[in-house]
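Given these sequences and hints, build the entire structure.
In the order they appear, the protein sequences are chains A and B. For reference, each letter of the first sequence is one residue, going 1 to 86 in UniProt numbering. For reference, each letter of the second sequence is one residue, going 1 to 86 in UniProt numbering.
Hints listed in this document are in silico derivations from the structure and should not be mistaken for laboratory results. Wrong hints could be hidden among the right ones.
Because identical chains cannot be distinguished in the list, a pair is counted as satisfied if it fits within a single copy or across any two copies.
Calculated lysine to aspartate or glutamate pairs in the DMTMM-like style (CA-CA distance at most 25 angstroms, straight line) [to be verified]:
hint	residue 1	residue 2
1	K85	D37
2	K71	E42
3	K6	E42
4	K78	D12
5	K6	D23
6	K83	E24
7	K6	D72
8	K69	D12
9	K83	D23
10	K6	E24
11	K85	D72
12	K71	D37
13	K54	D23
14	K83	D51
15	K69	D38
16	K85	D23
17	K71	D12
Read off the chains here:
2 protein chains.
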Amino acid sequence: MSNSQKSRTTVDIYGQQYVIVGDESSSHIRLVASLVDDKMREISSRNPSLDVSKLAVLTAVNAVNDYIKIKDQLERLKAELIKEKD
Amino acid sequence: MSNSQKSRTTVDIYGQQYVIVGDESSSHIRLVASLVDDKMREISSRNPSLDVSKLAVLTAVNAVNDYIKIKDQLERLKAELIKEKD
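This is the structure we're talking about:
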């Protein structure tokens with residue numbers, strides 16, 4: 001994808017500003033950032049002694065875990081759909 | 001889910017150890033941790049000046065972004081499957 005199509009969006013996550021460069025719209029990037037911010041605050045409230053980097057790593061672990069689970073669901077559903085079409 | 005079913009798995013992510021408590025198997029948790037570790041190293045190689053907490057936040061942003069995209073795919077496929085069944 002050409003560089004000219006990339007958006008630059010400034011977001012605030014856990015009190016820190018980030019400039020996110022990506023192919024997605026700014027509104028999508030702001031949604032993603034707000035979900036990360038929410039998740040970090042949720043994990044922090046359960047583990048108040050965690051520093052920011054550990055908190056962020058655990059947030060990433062959570063998100064990747066959710067991703068794998070939903071990817072499995074998607075694969076199963078795709079297989080089901082192929083079976084239906086046969 | 002009862003507490004007795006939770007696994008405790010020690011993983012290494014970006015040179016730091018974490019004990020992950022969850023309902024998933026230890027092998028699943030190790031897979032998730034290795035994906036997060038890979039992603040952090042990939043982002044770090046493209047942005048060598050980032051500190052660990054920013055790196056981890058951007059990894060979380062990436063993971064949540066991937067999650068939302070695949071969730072959208074799943075929703076579309078579910079809608080397609082319902083349509084097929086009608």
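Violated constraints from the hint list, given by number and in increasing order
1, 4, 6, 9, 14 and 16
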